[in-house]
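Undergrad: Got chain A; can you put chain B on it based on the hints?
Chains as they are written, first to last, in numbering that gives the first Met the number 0: chain A, 0 to 642; chain B, 0 to 642.
In short, the hints are calculated from the structure, not lab data. Keep in mind that a hint or two might mislead.
Pairs count within a copy or across copies, as identical chains cannot be separated in the list.
Stated by the list, open to error - Below, in silico cross-link-like pairs of lysine-lysine (BS3-like), each with a Cα-Cα straight-line distance of 30 angstroms or less: (1) Lys618 x Lys270; (2) Lys270 x Lys324; (3) Lys8 x Lys369; (4) Lys263 x Lys175; (5) Lys60 x Lys492; (6) Lys24 x Lys642; (7) Lys175 x Lys206; (8) Lys144 x Lys642; (9) Lys618 x Lys263; (10) Lys270 x Lys8; (11) Lys572 x Lys642; (12) Lys642 x Lys270; (13) Lys324 x Lys289; (14) Lys289 x Lys263; (15) Lys492 x Lys270; (16) Lys572 x Lys144; (17) Lys3 x Lys144; (18) Lys270 x Lys369.
Number of protein chains: 2
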Amino acid sequence: MVLKLDVSKSELSSEEIQELQAMRKRCARRILLSTTLAASGHPGGSLSSLDMLLVMYAMMKHDPANPRMPERDRAVMSIGHISPGVYSVLAENGYFSEEDFLQGFRRTGSGFPGHVESIVPGVEWDTGNLGQGLSTAVGMAQAHKVKGETNRVFCLMGDGEHQKGQLVEAMRYARKYRLDNLIGLVDRNHLQICGSTEEVMPQSIRKLYSDMGWEVIYLEDGHDYNALFQAISRAYGNTSGVPVVIIARTIMGKGISFMENQAKYHGSPLKPEQLAEALAELGVENDLEKWQELRQQPVRTHTIMAPRTDYPEVSPGEPILYDAKTMTDNRSAYGNALLGLAEANNNGTPVITGISCDLEGSVKMGGFHKHSPEAYFEAGIQEHHAAAMAGAMSCENLVTFFSTFGVFAVSEVYNQNRLSDFNHANMKIVATHLGLDVGEDGPTHQGIDYLGLFKNLFRFSVFMPADPNQTDRIVRYIATSPGNHFVGMGRSKTPVITREDGSVFFDTDYVFTPGRADWLRRGSDATIITYGAVTPSCIEAWKLLQEAGISVSVLNMASLIPLDRDSVIEAAKAGPLVTVEDHHVESGLGVSVATELVEAGVSTPLVRLGVRRYGGSGKPAELYQQQGLDARSIAETVRELLK
Amino acid sequence: MVLKLDVSKSELSSEEIQELQAMRKRCARRILLSTTLAASGHPGGSLSSLDMLLVMYAMMKHDPANPRMPERDRAVMSIGHISPGVYSVLAENGYFSEEDFLQGFRRTGSGFPGHVESIVPGVEWDTGNLGQGLSTAVGMAQAHKVKGETNRVFCLMGDGEHQKGQLVEAMRYARKYRLDNLIGLVDRNHLQICGSTEEVMPQSIRKLYSDMGWEVIYLEDGHDYNALFQAISRAYGNTSGVPVVIIARTIMGKGISFMENQAKYHGSPLKPEQLAEALAELGVENDLEKWQELRQQPVRTHTIMAPRTDYPEVSPGEPILYDAKTMTDNRSAYGNALLGLAEANNNGTPVITGISCDLEGSVKMGGFHKHSPEAYFEAGIQEHHAAAMAGAMSCENLVTFFSTFGVFAVSEVYNQNRLSDFNHANMKIVATHLGLDVGEDGPTHQGIDYLGLFKNLFRFSVFMPADPNQTDRIVRYIATSPGNHFVGMGRSKTPVITREDGSVFFDTDYVFTPGRADWLRRGSDATIITYGAVTPSCIEAWKLLQEAGISVSVLNMASLIPLDRDSVIEAAKAGPLVTVEDHHVESGLGVSVATELVEAGVSTPLVRLGVRRYGGSGKPAELYQQQGLDARSIAETVRELLK
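Next comes chain A alone, as it looks inside the complex (with noise of 0.2 angstroms):
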């Protein structure tokens, strides 16, 4: 039977203290009986937290049978190195049983790895990362109130990673959206891993919180039950507007007098002797050894959650036909679908939420800004909390576009997007002002490099249209298909592509397909490969070809993640390849298709264009020309590679 804790009490009875100081011995065993069976993990501040965590989940909206059940209460573990303290309390719940914690923690392959993952029941986020938790909570947060729900939001936090300039961000967001669901719990034992956190980076936790708006419960004892409950109860309850955080004054490695204050056993085991020692002062038996031999066995894989399959019913919306003569950029097409996405699913509760980073404007967010205003969220320039907030927010049944200009929505976020590809998320990034298509404001503002970064993950596509009409489909087609999703683009205007008659080529007909690519035009001599911003350069160059009497075939690769091999591997087998991008020649399409060429073992030559050196401030057809990216070069590479 699990323990519950009336959040309307005013204290706690004696029997419920007395049951929670049992539940502790068991939960203290399993942490330090885990660590030392797996010769590794972080039993220190598993022991500290401890007892916020067993408060915590007594007070909490959560159900072992039904661990993703809707209208839990949500705790993100910011910390996931104490996953021996959580996974403790976790089976102390219910969620799974002890025998399967201990046997399988920190094993290849069991259900129970080194830093909390969704992968075990009760576990909602996987972490690891220092510093991104708060956004993640904030992010949950700030979806329960678009939605209307009273779900609450607890962060469990370290005091060291409170030094990470992410949380500041975090902090300043849930202020200014008045997330009072969200509660925040700061594990105070001045302890980091080379030592005292005020040695390695002195600061005041609590003036910090303060200072940007927050309201501070400070517990003089982390360890005190009825302090505990009674702080909990009051941020459960709190409906102020101000999001609230209880600092707590813990002491690592707590109930164990050798480890008490003792930096190292933040990351390190005890031996088995000195577990001897430890168990004999918690007063439990000493049963290392049948765990050792059950350790000889198999893992059991039975706890093991599957991913998140969540989604919300979205309508895309009637797609929007740019005819021929239209002159306009995809950053506007993209704003243009997203509003009418608003205006398909956003009457009453939102589906389709918006977040951006004082670039409102830039993005084209502002119709569906206006539109929704209820669904749109100003993080700032706080790239680092919206990105990850976004991630969060995007697996709470929301589709979540997050859009800023290329370099701020993946070269400053690389980090953050990765931990929602982790966690499967259902991210929907569109990035404008990318490549030397940005002109003017330079190099430092010029992205080449999206593709190489989502390279290294595994659950982003990456998809970049050709035209206000491919962007009108895609934006559409992303906003339907859960899962993480990249959408980039250039800055400028650019023409509506056309087939050889001058009918528009992605008219109202074309459905867009990840990894199926577009035959522009069809040839016999070779093939352009390209995509996005210098895509009307290759036709050009084609026509520049077909005067000279060079027939090529041009093929928009609008899908890069994931890649149309078939279509590759058939232009190879017509001729030579040309592949012509806006982005970083060595980590762009060019080596995706060499790479394909190996893999088919089909022989022919290819030469990447691409940028070779970062660009300069000027007009992008200049900064096109002076890296052989604009029409004539790209046809003068063609005519040489026929020579």
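TA: Chain B only, in chain A's frame:
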């Protein structure tokens, strides 16, 4: 004759104030003309920070005739977009002519890009991505402290960028290390792109700095020359150990009635008719047409500064030989080599500096710290700040090692490293705990993207040593070699690589050469190309295959950027290839090899072994086996390939 203000005086004379007013008028004219001529750029903030810039340059130590004079005070423009203001003031100070600036601003190939770059005489650092400038200035200030130099470092910041968390990291660091030679200047115009800073993301910047322990000088009127002079004098004479920031209330678009306090002028220039009005208001002649004609001529390039080339004399010290029986980790070999470098170079004023983020012990910097406490910097869990600071410090005649886990040294701070790349820095990033070799800590801590990330830059080499001996030589090499270098390694102990006869392969005769691979074994049937932590498994596979009568070569590609093309092609001509790496298979060595094959037109079967999904939490050997990276799987792959 350039205006010089005497910092020791108590106030400005009326002549000096008149001169500043005259300078302002000339500079305001250039700001307006340059942006209208370019039809893009940022006039608003240039006008709000103009008075600060004028007084600052009149007070700081600098020499237009010798822009890189070592004794100069440094000025970092964290708001790189106010280039029109900066260039106008530099022209006023005689760094170059007004003609050069106005004729070239934002034109391709000119020396006057849209965001400030160090190709412009008088510009210290390429900036553009907000929030990094203070970390850069901190790196310079720390460098001067280490070297016992009295140079001051000015950092001009905007108010909007104070939303970036990295700034808080930099503030904390500056306070901890008592950088009273650092002078922050904040252009507090209360406007950012999307409107008022209070609406976009509320905060008190004054409170922020004082809470971080800085001395705050607030100026009600950031356009009052005497107030600016007195504030900067006070800051200039600061020896309190407390860093100072001057927060000046300014007016966006100051001086042009219809531009004042208009957010839209952050990033948009005046139209010609508005310009005429503005110039009339300034009481200066409107010679727009003359400049428009001048801009029909080719850009002038004679002002363009070459990258910094100064680099200290460094002794590599005595290489350490690890004998064939040694079993240690490359981290320890790095720590030993770093200590050796300190012993050889840090007698008296330090030449070698080291920075870590709460992981001194794990990255084995303890010995260095002990030997050179004045040259070791503990930045706390603040990687964004630490990486940016390291880049700047490495440009001040110091050899700067930045070490933490791979995920934090590369994945988390990719964009900070990118800015160091722009700036031709001399960073020595030595990252430990890379790849599945991290083991039980699991996927969030397993960096499998380092090569894939650095491929997107242009000025970083990437070296992955195979054993402690090669680690020792590579670490000594990068210390003596200018430029940005990345050295990566795993976590586990690894055997010393030997020749077939059992002798040490990387012995004392071995000299590490970038772009040269090592033939660990020579065979006739196929070649295994590998690097880093999986190299021993490849040698084991070689042995297994030898026992099976198959003769393969093992090529160790310790230098991944630059790559040893010749050896790759030599191997390809000899037979099939198998690449083996503890790295994402779609962004690592395998795709580089495939690309080289296509480039060279050499066709041979290639199998790319690498990380194909996120690793688990368990013993490295088991994680390798799961992904086919263990000796048996590698041997099996070769066998299959040769069937």
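Undergrad: Starting from the hint list further up, note which numbers the structure goes against and sort them upward.
TA: Violated: hints 3, 5, 6, 8, 10, 12, 13, 16.
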